[in-house]
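Engineer: Use these hints to put chain B onto chain A, whose structure you have.
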Amino acid sequence: MSNLNAASLYENLQQPISQYYDKSSNLTREEYFYKLSISTTLYLGNLSIYTTEEQIFELFNRVGAGVRRLIMGRNKETGKAIGFCFIEYFNHEDAKEAHEYLDLLKLDERAIRVDWDIGYSEGREYGRGTGGNQVRDSYRKVADPERPNVQSNRGRGRSYNNNGGRRKQVDEDESDNSGGGYKKRAGNRSNNNY
Amino acid sequence: MLQIQHQTPPEINRIRQLICKAGDDGADTFKKDLQKIVDVLGEYYQQNKQDVKDAMIQSFIQCAKLLPLKSGIYATILALLSTKQTTQSLTDQIILGLLEHLPQIAQEETPILGQTILKFLSELMNVGLLNTVSFVECLYDLEGGAENEQSPFYLQILLTTIPHAMIKAMEKNQIEFKNIIQNVEVLMTKRKTEDRLFHLWQSIRNFLNNQEKDAHTQIFQQFLKTSYPRPYLLFPDEMTQVRQLRRGFKIPIVKRTQIWRPQQILVLNDEIRSQSNNKTDIQIEITRQWIYETIDLFKTNRQQIVFQFQLYQNCIKMTPSQEAQFRQTLIFTLLNMVIEVVPRKDQLSTAFYSGLLTHLSQRNSDSIKEWNETIEQFIDLIPQNNILIVEQLSDCLSHYFCNSNFKLNWDKYFGKYNPDETDSFNNYLVVMIFRKLFLLVSVEKITDLVPKNIIDWYNSLQDITKPLDIEQLSVAEKINSYLQQKLNGIEMLEQLKLITNPGPEVVIQTFLESLLQSISKSITHLNVLSKRYLSFLLQPNIIKPEKLGEILLQTIFRMWNHSIFHLKVYLKEFLNLEVISNLQIINWVGEIIKQKSEAFKIYNVLIAINDVFRKQTKLDQVQDCTYENVKEINTILTKMIEQEQDIIIQSSLETIQLQILIAFKSTNGAQSEKLLKEVKSTYIKQIIMSF
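In order, the protein sequence lines correspond to chains A and B. The C-terminal residue of the first sequence carries number 194 in UniProt numbering, and the numbering is unbroken. The C-terminal residue of the second sequence carries number 691 in UniProt numbering, and the numbering is unbroken.
Keep in mind that the hints are not guaranteed to be accurate.
[Unchecked claim] Below are the EDC-like pairs computed for lysine to aspartate or glutamate, each with C-alpha atoms no more than 16 Å apart in a straight line:
no.: 1; chain 1: B; residue 1: K445; chain 2: A; residue 2: E109
no.: 2; chain 1: B; residue 1: K445; chain 2: A; residue 2: D108
no.: 3; chain 1: B; residue 1: K407; chain 2: A; residue 2: E11
no.: 4; chain 1: B; residue 1: K596; chain 2: B; residue 2: D646
no.: 5; chain 1: B; residue 1: K572; chain 2: A; residue 2: E54
no.: 6; chain 1: B; residue 1: K601; chain 2: B; residue 2: D380
no.: 7; chain 1: B; residue 1: K544; chain 2: B; residue 2: E505
no.: 8; chain 1: B; residue 1: K250; chain 2: B; residue 2: E143
no.: 9; chain 1: B; residue 1: K369; chain 2: B; residue 2: D411
no.: 10; chain 1: B; residue 1: K412; chain 2: B; residue 2: D380
no.: 11; chain 1: B; residue 1: K21; chain 2: A; residue 2: E53
no.: 12; chain 1: B; residue 1: K618; chain 2: A; residue 2: E93
no.: 13; chain 1: B; residue 1: K521; chain 2: A; residue 2: E53
no.: 14; chain 1: B; residue 1: K445; chain 2: A; residue 2: D144
no.: 15; chain 1: B; residue 1: K345; chain 2: A; residue 2: E93
no.: 16; chain 1: B; residue 1: K445; chain 2: A; residue 2: E146
no.: 17; chain 1: B; residue 1: K466; chain 2: A; residue 2: E53
no.: 18; chain 1: B; residue 1: K466; chain 2: A; residue 2: E11
no.: 19; chain 1: B; residue 1: K547; chain 2: B; residue 2: E505
no.: 20; chain 1: A; residue 1: K35; chain 2: A; residue 2: E54
no.: 21; chain 1: B; residue 1: K544; chain 2: B; residue 2: E591
no.: 22; chain 1: B; residue 1: K521; chain 2: A; residue 2: E54
Quick caveat, the hints were computed from the structure, so don't treat them as lab data.
Bound conformation, chain B alone:
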């Protein structure tokens, strides 16, 4: 990594700054800035100091690998350096140094390194530093890798490279390039997955197939304009003097065992959706791929990720319609990542996306209305087959709205609610968004911002901060007094034994209801009281653990079926205390579904379970994760899924099944192979193997 240390000579720091920040001042003084960088680097290189040369080479390689937005800039600088005799060898060394990183591509978990390196190599080809024949050969390497891999790791690298290389490749090596395209067509036809690669391929294919059409010509012309991605077009004379590296190269293709899964795209940009033949704009897809790359490369630093997006907006000169297109692509891509509920290893939290969305919109405050309209467009298009999408989206949007001064179109959102449809997806979406919003900010604080009809409607909903009533009131009164006396476990048990009417099971149930009421006062109450009493109830001869778990889950459901927050928190706490098990939870949800409880209550439970299981997986902490237990859970879930008619419940159960299998694989690698053999679905196996 580039590092500034106290002992680093100032010229090395300056070189690193120059290279890393090349182009950050924008496109207006581009030509002058690039020329200046070339001159300064040339002067340093001529000093002939080895550490300075090494710093230049390393800086270029690092930046080429990690800053895909500037691939064209670095390629242009290298091309200009190659035109001078004094710096030709610098260019050669940098390129050769970069080629040494090619074997590293196959070692990475994700294709991102391959994408950024290949993008840079395609720009080196575009400026004439690399031979087109050699470059197309390496596309063949990738295509060969794609054919033999069970996951689209090399395919993704290949597809993301093609848009940057295709103009030059078609010009100089049309026959071979077309051959590659035909092979990719075959590969993509076999794949039946509509993910980001599918849409990228659609746009490439449409671009290449429509060379006669006007729309294509317009798009094609954009590739010939001087611009931030293609600054070499500013130096037409110099580019004729570029000295080509006379060396071929290969991408070592290694058969990988780890499965890579590209991101899903559940909602397409309006402009690129077509009812007829899926015409897509290649520029939108190039932008989308860059957005994915930027998030992957910069996600650890919020300021930097925001800076990269601002750089894009400031430096790439866009017409108003192009700006609108960029905005839509950005928002749609981010929100698509939010609602990708099928588990991914590299999944980021909703807090990441809501935080990022907020910071980006704050820097576009003059177009906040358009931002929010774009978000509304997205919501209108979400698939309505999975309530986990609702959970993720409402998490993200509730936080975003809190931070954008509640500048949402209240009527539009509330308009989706239909009081005549009790169990509809849209009703659930509206309830969730407003519940989460008014959990993050008390509605009393913003009564001047919220329409009165919405406040009235919200106040008529079941209050999620309060549990439902206890059934056995007189028994509960006694128990509450014992709780107020702060009796310990033994003392409490003695008192409970003295209550002979009703029977012991009802007494335990009422005790748990009273306890849950006390616990619900705060998270701290939960932590203290559950440890004090629930752990105690596990002691021998008090109540059978299975029975305790059963009563506990029934009680939670009875009292908190309207509050996902409480369901999540209690399930997690009680799993940690081992008073309930994963198997009991699955049986419990099966019972709730069988009893045909109200749909929203079932959804709340499914969301809570999914969240708890997902978090268990992240911690590699799965309770009672033996082969027999997980196999039993898997069998029960498979049966429930097969029998379930409601597609929303079915899809949620499938996701829960995935979570538990993934958790088992993470903690029990050896036995997971045995379990995977019993899983029939190839799709599920692929997902599990990607972890």
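Next up, chain A with everything else stripped away, as it sits in the complex:
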């Protein structure tokens, strides 16, 4: 394989894009970006809740040596899919290829978002929004028939934190796929539907 990489000529001329850093990952900034730089895990967002594992697997398995593991995002209470998943590849290069060439393209008639993730850990497959869905669905102003139907905070303005001050609108990344921010509670319902 050629090691010549012409793309880096242009990449190095661009101002570095400020990347999102998840503070609740319990990693330092350097550790966090280092993990991303070698990550073999991708986060897929904006999926339809009706999109099956097979559909996701069929597309993403076409890259490199194939998918190592697929973890669907689920509602902890109902066990149903809530429109995101993690895909693990066997190496960083395959993940990079999938990230480059499948991001923002359609699957099941929806433009899917493909982001780097620092790596799956148990518990991160559950949504943290209202009713066990993703937070972004709580803030949706227009109903999306392909996403969970959530009774949200619409009409009540922004949410407030315990101190009574305003909390800024939470981006889906921050709340749903943060690295390691989910606290494991005792007596979690085990993943035992099989």
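Structural biologist: Only chain B this time, still in chain A's reference frame:
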């Protein structure tokens, strides 16, 4: 690499930007832009700061190596710099610095570095910075390397250089250049491979041999026009003042052990196919070679690769027919790479091509109809001797169609299906394309876009999401209840032992069928249940491993012969769990072929096996990869290939054989030499040695 760091002085960043982005604003203000760059670089150079000079030299060398589209631009800038006394030495240093990279060419795995450097050197010759005699001498070096190499590494560099150098070389050094061409003719006659080098050579030879003809003259005239590739023609007066570097150079030729295989071209552009004497347009071949280079150099960054193609379209002024030609060459080249099923080390996935095709077509949305028509033309011309081509193509196109709002000519594609021909290649192609398309998007979502007759036809096909029925229903009912109770391995075994009628083998078979039905609910079910039960079945005194593997494969085939997706997933999972082996898989496919199962079912199995083996190779993980095992597999496959009459099945078996041998070489380098000695075919040996 050029890097912007916090401590990099701003003038160095500016220099790097100027050089890297030279020409990105297009050809309309070309002359002015180039002159400005020359002036600015001249001013910086006169500041006499060493780090600034070094940055200029390094930037030029990097860009010359990595941006072949702009070779002419950089050569023009250097030529203009050489006309000024204040910057003559800068030009000399840059060229000398580049020449120091010549020994690196032989160290690379692929010829790409050699191609880009030689292309740049040929442009330096075209602008007069390099002596034609010296340049032609280095073509002799390459030709000598090509003669002595068992693979066309140096030949590829030589052939891709000739189109850029031939006009000047013929003008200034005709006798020696013609001598080189004659030597290349001999080399190419010995090669009997119709790959990209063959077609490139055809176009060069036809161009050089037809100097009297009108068509040649038209093409020749294009080389004399000022253009993005030849901006030096905008500065005729300045070019007469260019100061030539008085120094010869050589390309060190090192005998390489690694084999290089150029890409195959299975489908030619319509315009360049000829029934008579293979006349080809040299411009099409130059474009094709540039497309290969761009993909190789920019493949890690989708935005950049798309930008390079847009740059080409925006900057090189094309007539409508030239645009159509470019579009066809681009699409045909990409799709040829998709359907190159003979394994390659640098093979990119179908997701790469479908993603790239989608992004490129989105930037050409005003000509999407023509894009799709070109794709249809390609499909009409694909060879019909290998079903792996069907798999690759349907992967690529299904994804592309999903992303292009299903603007395909439904009737045209469906029209290839002939219900009177049950096992035809075209029928298989149609089934695969629609199966994959409706796997990526549920047909219910697009009923307003799909003609009703196609929906009806599709719904009449075997549903690939559902397995075929279980045979022993009453036994299966009991087993399903145990599965629902979530018994562990030991508990399940105890229950199975209690079932005395039918016999143990049938019980195990029915258990596996029930398990496969449960597994098929989702990938997650597969992961959990197969580990829970299949691994357990491997324990001693339950069932012999060979028997378990045999029953498992027969059961998979019986239940899922209509679904490549499930075959692939299960084969991979069961190989990982070591409940089946590669050898068992080969014996199994031999049995299926011997039993004369329906052709499409055999094709599905062959595709699944090829995919699983290919992925094993990529991971350097080949199960039970001992010399004895692989030798046995190779012997069985060789026999099957020799005995097989059906060319489609034969070609697929050959590819599977290659995959297993390549996998063995990757994991077992020392013993692979021993095994290679037993392989009779030179062609197969070459392919394996290229890994």
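Engineer: Next, verify each hint and record whether it holds.
Structural biologist: Results for each hint:
| no. | hint | result |
| --- | --- | --- |
| 1 | K445(B) x E109(A) | 8 Å, holds |
| 2 | K445(B) x D108(A) | 8 Å, holds |
| 3 | K407(B) x E11(A) | 34 Å, violated |
| 4 | K596(B) x D646(B) | 11 Å, holds |
| 5 | K572(B) x E54(A) | 15 Å, holds |
| 6 | K601(B) x D380(B) | 24 Å, violated |
| 7 | K544(B) x E505(B) | 11 Å, holds |
| 8 | K250(B) x E143(B) | 12 Å, holds |
| 9 | K369(B) x D411(B) | 15 Å, holds |
| 10 | K412(B) x D380(B) | 10 Å, holds |
| 11 | K21(B) x E53(A) | 43 Å, violated |
| 12 | K618(B) x E93(A) | 12 Å, holds |
| 13 | K521(B) x E53(A) | 10 Å, holds |
| 14 | K445(B) x D144(A) | 15 Å, holds |
| 15 | K345(B) x E93(A) | 14 Å, holds |
| 16 | K445(B) x E146(A) | 11 Å, holds |
| 17 | K466(B) x E53(A) | 15 Å, holds |
| 18 | K466(B) x E11(A) | 47 Å, violated |
| 19 | K547(B) x E505(B) | 9 Å, holds |
| 20 | K35(A) x E54(A) | 28 Å, violated |
| 21 | K544(B) x E591(B) | 20 Å, violated |
| 22 | K521(B) x E54(A) | 9 Å, holds |
Checked against the numbered hints given earlier, the structure breaks hints 3, 6, 11, 18, 20, 21 and satisfies all the rest.
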